[in-house]
Each structure stands twice: as structure tokens, then as C-alpha cells.
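Build the full structure now, drawing on both the sequences and the hints.
Number of protein chains: 2
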Amino acid sequence: ADQEAMSQARAHQDRLTKPRGALGALEEVAVRLAGAAGACPPPLPAPAALAIFAGDHGVHAQGVTPWPQEVTTQMVANFLAGGAVANAFAAQAGTSVTVVDVGVAADLPEAPGLVSRKVAHGTADLSQGPAMTVDQAVAALETGIAVAGDLIGAGAACLITGDMGIANTTASAALICAFTGHDPALATGRGTGVDDATLDRKIAVIRRALQINDIQINGIADGGQGRTSDADGGHGRLPVGAGGRASDAAVSEAVRKLAAVGGLEHAALAGFILGAAASRVPVILDGVIAGSAALVAVALSPDALAHCVAGHLSAEPGHALALDHLGLRALVDLDLRLGEGTGALLAYPLVSSAVRVMHEVATFDSAGVTDKDVQNHDD
Amino acid sequence: ADQEAMSQARAHQDRLTKPRGALGALEEVAVRLAGAAGACPPPLPAPAALAIFAGDHGVHAQGVTPWPQEVTTQMVANFLAGGAVANAFAAQAGTSVTVVDVGVAADLPEAPGLVSRKVAHGTADLSQGPAMTVDQAVAALETGIAVAGDLIGAGAACLITGDMGIANTTASAALICAFTGHDPALATGRGTGVDDATLDRKIAVIRRALQINDIQINGIADGGQGRTSDADGGHGRLPVGAGGRASDAAVSEAVRKLAAVGGLEHAALAGFILGAAASRVPVILDGVIAGSAALVAVALSPDALAHCVAGHLSAEPGHALALDHLGLRALVDLDLRLGEGTGALLAYPLVSSAVRVMHEVATFDSAGVTDKDVQNHDD
Numbered sequence: 001a002d003q004e005a006m007s008q009a010r011a012h013q014d015r016l017t018k019p020r021g022a023l024g025a026l027e028e029v030a031v032r033l034a035g036a037a038g039a040c041p042p043p044l045p046a047p048a049a050l051a052i053f054a055g056d057h058g059v060h061a062q063g064v065t066p067w068p069q070e071v072t073t074q075m076v077a078n079f080l081a082g083g084a085v086a087n088a089f090a091a092q093a094g095t096s097v098t099v100v101d102v103g104v105a106a107d108l109p110e111a112p113g114l115v116s117r118k119v120a121h122g123t124a125d126l127s128q129g130p131a132m133t134v135d136q137a138v139a140a141l142e143t144g145i146a147v148a149g150d151l152i153g154a155g156a157a158c159l160i161t162g163d164m165g166i167a168n169t170t171a172s173a174a175l176i177c178a179f180t181g182h183d184p185a186l187a188t189g190r191g192t193g194v195d196d197a198t199l200d201r202k203i204a205v206i207r208r209a210l211q212i213n214d215i216q217i218n219g220i221a222d223g224g225q226g227r228t229s230d231a232d233g234g235h236g237r238l239p240v241g242a243g244g245r246a247s248d249a250a251v252s253e254a255v256r257k258l259a260a261v262g263g264l265e266h267a268a269l270a271g272f273i274l275g276a277a278a279s280r281v282p283v284i285l286d287g288v289i290a291g292s293a294a295l296v297a298v299a300l301s302p303d304a305l306a307h308c309v310a311g312h313l314s315a316e317p318g319h320a321l322a323l324d325h326l327g328l329r330a331l332v333d334l335d336l337r338l339g340e341g342t343g344a345l346l347a348y349p350l351v352s353s354a355v356r357v358m359h360e361v362a363t364f365d366s367a368g369v370t371d372k373d374v375q376n377h378d379d
Numbered sequence: 001a002d003q004e005a006m007s008q009a010r011a012h013q014d015r016l017t018k019p020r021g022a023l024g025a026l027e028e029v030a031v032r033l034a035g036a037a038g039a040c041p042p043p044l045p046a047p048a049a050l051a052i053f054a055g056d057h058g059v060h061a062q063g064v065t066p067w068p069q070e071v072t073t074q075m076v077a078n079f080l081a082g083g084a085v086a087n088a089f090a091a092q093a094g095t096s097v098t099v100v101d102v103g104v105a106a107d108l109p110e111a112p113g114l115v116s117r118k119v120a121h122g123t124a125d126l127s128q129g130p131a132m133t134v135d136q137a138v139a140a141l142e143t144g145i146a147v148a149g150d151l152i153g154a155g156a157a158c159l160i161t162g163d164m165g166i167a168n169t170t171a172s173a174a175l176i177c178a179f180t181g182h183d184p185a186l187a188t189g190r191g192t193g194v195d196d197a198t199l200d201r202k203i204a205v206i207r208r209a210l211q212i213n214d215i216q217i218n219g220i221a222d223g224g225q226g227r228t229s230d231a232d233g234g235h236g237r238l239p240v241g242a243g244g245r246a247s248d249a250a251v252s253e254a255v256r257k258l259a260a261v262g263g264l265e266h267a268a269l270a271g272f273i274l275g276a277a278a279s280r281v282p283v284i285l286d287g288v289i290a291g292s293a294a295l296v297a298v299a300l301s302p303d304a305l306a307h308c309v310a311g312h313l314s315a316e317p318g319h320a321l322a323l324d325h326l327g328l329r330a331l332v333d334l335d336l337r338l339g340e341g342t343g344a345l346l347a348y349p350l351v352s353s354a355v356r357v358m359h360e361v362a363t364f365d366s367a368g369v370t371d372k373d374v375q376n377h378d379d
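In the order they appear, the protein sequences are chains A and B. With our numbering applied, the first sequence corresponds to residues 1 to 379, in that order. With our numbering applied, the second sequence corresponds to residues 1 to 379, in that order.
Just to be clear, a hint being listed does not mean it is correct.
To be verified - Coverage of chain B stretches by chain A, computed from C-beta distances (three or more under 8 Å per stretch; other residues unrestricted):
id, stretch
1, 20-29
2, 58-69
3, 76-86
4, 320-334
5, 337-348
6, 354-360
Think of the hints as simulated: they come from the structure by calculation, not from any bench. Here the structure is a predicted model, which means the values were calculated and not measured. All residues carry an ideal CB built from backbone N, CA and C; glycine is no exception.
Okay, here's the thing in C-alpha cells:
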């Protein structure tokens with residue numbers, strides 16, 4: 001992040017016709033986006049583009065959700081037909097919607113609005129071994145980077161994360177444990193609504209996944225960057241984001257953990273975040289799926305964090321753990337637990353409003369408004 | 001509220017292609033608006049209109065704020081020039097902005113966008129006696145009702161409350177004490193940013209105001225509706241909102257308390273809420289000023305509550321007390337403490353999104369998506 005632009009943004013906020021700090025968390029958003037863009041004021045984040053990455057999960061076989069796996073395919077069709085909540089919220093927010101098949105189990109017919117980048121027909125069962133090969137994880141990361149680049153190339157000034165994948169809160173919780181060191185009992189939630197018995201099974205499945213994939217959670221609270229590995233985790237192929245400064249070992253280990261317990265849409269979302277950061281475009285994160293993907297992205301390229309805005313706080317308990325680890329504050333907190341990008345879409349007008357203030361609001365001097373603190377600043 | 005429309009809205013939410021309850025608080029908003037409108041789905045709340053009611057406060061003389069009183073006038077000019085945060089947020093949200101002089105101390109020149117309905121050149125000092133006469137309070141209430149009617153007549157399908165008045169958090173805290181029974185020490189905050197000594201003075205001023213105006217706070221936690229008065233508090237003149245069912249005595253006492261410790265903009269905002277309710281149009285409440293005005297409106301006409309949506313939670317502690325008393329949950333919670341309607345403007349796209357879902361999202365049946373709970377409903 002550009003510290004000079006952030007300082008300028010803070011100073012500018014203090015000259016605007018409002019009490020200092022009166023816009024609360026939105027002032028921090030504007031400062032953050034100035035730092036990410038390296039400009040004060042930061043550019044208006046319009047137009048924005050939502051990408052919904054869809055994938056299936058081998059762990060579905062463990063009974064971690066009451067929803068049948070084919071709902072992933074059915075919901076992709078619903079997105080393409082414009083009938084999902086994400087479509088309604090995108091219409092309200094004025095953003096485009098792109099659906100990316102990065103790993104749906106079924107073969108999907110070509111359709112307008114569908115980007116076919118299937119890396120695999122779903123992941124393997126993470127409780128039995130790695131969910132993906134390292135090559136698959138890297139391919140999905142590259143897909144996300146490419147989709148971000150395509151959308152930005154087409155004019156998007158803000159990216160919004162979306163996801164669809166029955167059972168993907170299980171993979172998210174496993175990633176959050178793997179990258180924050182928290183226990184599965186803390187990080188695992190009810191997803192789209194599971195009963196007590198299923199929740200217990202889900203926690204046990206995640207615990208087994210971490211064990212069988214040799215992921216230590218005790219004492220790993222630094223994003224896993226302190227851990228070393230001899231294997232080349234695909235680092236040689238991976239185009240990491242702007243200012244990536246993670247060590248080769250940290251990158252290898254992050255990719256290994258992603259492949260072990262992540263999903264294809266999680267990998268693509270991590271790449272999507274890296275792609276946004278590489279172009280200095282802000283990316284609004286949706287809920288727990290995006291939060292877990294952001295942990296991966298930041299482990300690969302710590303500077304990517306500066307480009308992330310946490311859109312909303314999911315009802316999933318792991319999401320708060322992920323955001324705490326990243327040091328992000330969510331803008332919307334309405335007990336949503338839907339995914340698809342819905343929480344991030346709701347946050348988008350808040351982000352736009354925060355930036356608009358920097359462009360359009362008069363200063364005390366220009367508006368002739370008396371500043372109670374005028375004695376405290378000398379500009 | 002129309003219970004049948006609310007039941008229909010709940011049932012419709014459960015047929016949409018999303019897990020039941022997955023939209024959290026937004027589902028409640030959609031149900032609430034269905035009940036308010038008496039229709040399922042409720043109409044889309046567009047276009048929306050912001051009205052900023054401006055007034056000055058005699059209690060300013062007690063040193064309850066570091067801002068000079070003329071900032072009210074200066075900010076009115078800033079609103080009219082389009083330079084305030086409310087203007088930037090209104091532009092982002094796509095709402096109109098109307099500024100109403102209901103009680104600014106200075107005489108304001110005519111200007112496009114300014115509605116001149118000055119009831120008085122500011123209020124009297126509430127710590128020395130009643131801030132307004134009952135006639136003034138009723139005139140300001142009627143102004144708010146009229147402005148609501150004018151905006152709705154011009155096509156507004158949603159009203160948004162705004163306010164400007166240096167020292168108006170003092171009057172708000174006093175109203176909140178008067179209508180909820182809470183002690184001033186709990187209800188009083190730092191407004192636009194006062195130091196400890198000023199906060200202590202502010203609390204003492206409010207305590208004196210309640211005493212000198214014969215407003216009991218101990219044990220009054222029912223909105224004051226149990227209290228009786230022989231005086232006609234203007235009830236004969238007051239066109240209360242749709243379905244008003246408060247007793248004459250309750251109305252008289254509410255108007256007496258409003259006149260005693262309220263502000264002209266608070267009275268106008270209470271009328272604005274009643275006017276929205278009378279036309280069955282939703283009104284999005286901004287922060288602590290609107291919250292205290294809503295207490296007045298609901299005391300005058302309990303059914304007005306069904307038409308209110310709490311836009312945001314202010315940093316002012318009294319606001320949470322007011323919302324608790326009203327049973328409302330705020331949609332945006334970002335530590336804003338600005339007023340002007342800014343928090344409500346941020347909430348407006350969230351409200352629109354909640355209603356849009358009811359119009360645009362496919363059902364499990366229509367989209368061919370498998371419903372895990374299909375065995376639980378019989379439609």
C-alpha cells in the first residue's frame with residue numbers, strides 16, 4: 001500500500017465539511033483504497049464486476065450437507081437465467097455478473113455468460129487425502145488471475161467475489177484452520193443450515209482432513225508462513241500478485257495446503273484476488289468462502305491484502321476468524337449465509353459512497369463552513 | 001401492519017432459490033415492508049427522497065457543543081450547493097435532496113431546493129423551560145407531514161430522514177430520556193465530538209431540562225403512554241398518521257414532552273414519519289435525531305412504527321436505547337456520527353435489495369433447483 005497516498009487521504013478527510021472521523025469505518029475504506037491505488041483521491045470503483053466461481057467437492061460424500069451435489073449445477077443455470085439472489089443484488093448495485101465453471105462435477109452446456117474453465121470434475125474427498133493435485137490448484141489459481149485480468153481489461157474498476165459449490169463451507173473451514181491455526185470446532189459452522197449431528201460430522205471430517213494431509217494447527221497462527229517445505233509447491237509456475245514478497249517456501253506450503261483441503265473455487269478466488277491486486281484494483285470479498293481464499297492469496301502475496309475490502313460478515317464462525325487474522329473489518333453484518341457474492345454486492349454501494357466523499361464533498365474552506373478544530377491544523 | 005401480507009411474504013421467501021433464512025435481517029425488512037404496504041411483494045422503494053430538516057437550539061447557549069451555532073446556516077448552504085456528505089451519498093443512492101428550514105436561527109435567502117417553513121428562529125433553551133410552545137411543536141409536526149405528502153405526491157415511494165442543527169444531539173438525548181425513561185447519563189453521547197467536561201455539562205443540562213419541564217424518567221419505560229394530562233396538547237389540530245390509536249391523553253402528553261425538550265427539526269421529523277405512514281410509504285430513519293423523533297411519532301400513532309426502517313446505528317448511545325424501545329434493528333453499523341441522513345442513505349440500497357429479491361428471484365419450482373426442505377412444505 002502507498003503510505004503517502006494514505007496520509008494524503010487522511011488529511012483530506014479532515015478538511016471535509018463533517019466532524020473529524022464522523023464517517024467511522026467508511027473513512028478507513030477510503031484511506032485503504034487510496035493506499036491500494038496509490039492515488040488520493042482513489043478512483044471511483046465503477047463499474048464493478050462480480051465473478052461467481054463454481055465448483056464441486058468430493059467431501060460431499062461424507063454427508064456434510066443436506067443439499068444434493070447437483071444443486072451446484074442447478075444454481076449455475078439459475079445464475080445464467082438471472083434468477084438467483086446474486087442476480088437481483090447485482091442488478092440493484094449495477095454490476096455485471098460472470099459465472100465461471102472452474103470445477104463443477106457435471107459437464108455444463110455452453111451458455112452466454114458462462115466462462116468454461118473446468119480444471120476438474122470436482123475435487124477429491126479432502127478427508128481421504130489431498131482434494132486437488134498441486135497442478136490442479138495452480139491451474140485454478142491461474143484461472144482466477146485470468147478472469148480478473150479479463151474483467152479489468154474490459155473496464156472493471158472494482159472486482160466482487162462470488163462462489164457456488166455445495167459443501168464449500170467445509171473446505172472453507174478446513175482452509176481457515178490450516179491458515180490461522182484454529183481448531184475445527186471453532187472454525188466450522190452450519191453452512192446453509194445443517195443439524196447438530198451433521199455439524200459434529202462436519203467438524204470430525206475437517207479434523208481428519210487436516211490430519212491425513214499433514215497440516216498442523218497447534219501453534220500455527222502466523223498464516224503458516226513460518227513453515228518450510230522441500231517440495232516445489234508450483235511456485236515456479238505461479239504468477240503471484242503485485243509486490244509478492246512471500247518466500248519460496250511459504251508459497252510452496254500455502255499452495256500445498258490449498259491443494260490439500262481447498263476447493264477449485266477457493267483456488268480460483270485466491271487467484272482472482274491476486275489478479276485484482278496485480279492491477280491495483282480493489283476487490284470486495286464476500287463471506288467465508290472468499291475469506292478463506294483471501295488467507296491463501298495473502299500467504300502467496302502479502303501485499304494483496306491492501307486491495308481487499310471485507311464486504312460482509314457471514315454467520316459462519318470461521319469467517320470472523322479469517323477476518324481477524326487478516327485484520328479486516330466487515331462493512332455489512334446482517335446474518336447473511338448465502339454466498340454467491342451477495343454480501344459483497346450489498347457492500348459495494350457503501351464502498352462507492354466512501355470513495356465518492358473524497359471526490360465530491362466540499363472542504364471547510366471551500367464551503368465557508370466554520371471548523372471547530374481550525375486551530376489544530378495548519379493547512 | 002397487514003399480517004396477511006406479512007405471512008405471504010414469509011412464505012414467498014421460503015420458496016425462493018436460497019436456503020431458508022439465508023438473507024438474515026434483509027428477509028425481515030422485506031416482510032416488514034410487505035406488512036406496511038399491505039401487499040406481497042411490497043412495491044419497490046424507488047424513487048426515494050431525502051428531506052433534511054434544519055433547526056437551531058436555544059440550549060446551544062449552555063455550551064453543549066464546540067461548534068458555533070452559525071454552522072447550521074452554513075451547512076444548509078453547503079447542502080444547497082451540493083457539497084455535503086449527504087449530497088454525495090444521495091448521488092450514489094440516486095435519491096433527491098430537499099432541505100427544509102423549519103427553525104434555523106438566521107433568516108435564510110430563498111434558494112432552489114430550499115423549502116422555507118420556518119416555525120421559529122430556533123428553539124428556546126430547554127434547560128430553562130419548554131423549548132417550544134405546544135403551538136410551535138404542532139406547527140413543526142404539520143410541516144413534516146406536509147413535506148412528506150408533497151414528496152410522495154411528486155412520486156417518492158420511499159422517504160429518508162435527514163437533519164441539521166448544531167446542538168441537536170442534546171435535544172435528542174432529552175427526548176429519548178423523556179420517552180423511554182432512561183437516565184441522561186445513559187442516553188447522552190459526544191455528538192460530533194465533545195470532550196469529557198462538555199459531556200458532563202451536557203448530561204447535567206439534560207437532567208435540568210427534564211426536571212424544569214416536569215418530565216419524570218423513573219419507571220417510565222412504556223413510551224410515556226400511561227401518563228395522563230388534562231391539557232389539550234394540540235391533539236385537536238394534529239392530523240395523526242394512518243391507524244393512529246393513541247389515546248387523547250397519550251397524544252397530549254407526547255406533544256407536551258416534544259415541545260418541552262425537543263427541537264423544531266425533531267418535531268418536523270416526527271411529522272415526516274407520520275406522513276409517510278399515512279400514505280403507507282416506508283421511511284428509512286437516520287441516526288439518533290430520527291430515532292428520537294420516531295419515539296414521538298410512535299407515541300402519537302403507534303401504527304407508524306410498521307412503516308419505519310432503522311437505517312443505521314449511530315455512535316450516540318441514546319440511539320441504541322431508542323431503537324431497543326421501538327424494537328428496531330439497524331441495517332448499517334459503521335460508527336457513523338454525522339447525521340444529515342447519511343446513515344439512512346447508506347441503508348437505502350440494502351432496503352431496495354431486500355425488496356428486489358421478492359420481485360426478481362426464482363422459486364425452487366420455477367428454476368428447477370432441488371429443495372432440501374421440499375418435504376417440509378406443501379405448496
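Q) Do three or more residues of the stretch 354-360 of chain B come closer than 8 Å to chain A, measuring C-beta to C-beta? A) Holds: 4 residues of the stretch 354-360 of chain B have a Cβ under 8 Å from chain A.
Checklist entry - Checking C-beta pairs, does the stretch 320-334 of chain B have three or more residues closer than 8 Å to chain A? => result holds (count 4)
Can you tell me if the stretch 76-86 of chain B counts as covered by chain A, using C-beta to C-beta distances under 8 Å and a minimum of three residues?
holds (count 7)
Next on the checklist: Count the residues of the stretch 337-348 of chain B whose Cβ falls closer than 8 Å to any Cβ of chain A, and tell me whether that reaches three.
Outcome noted: holds (count 5)
query = Holds or violated: the stretch 20-29 of chain B covered by chain A, criterion of 3 or more residues with Cβ-Cβ distance under 8 Å?
reply = holds (count 7)
* To do: With a C-beta cutoff of 8 Å, work out whether three or more residues of the stretch 58-69 of chain B approach chain A closely enough for the coverage to hold.
  => Coverage by chain A holds here, the residue count being 3 at a Cβ distance below 8 Å.
Hint check: no violations occur; every hint is consistent with the structure.
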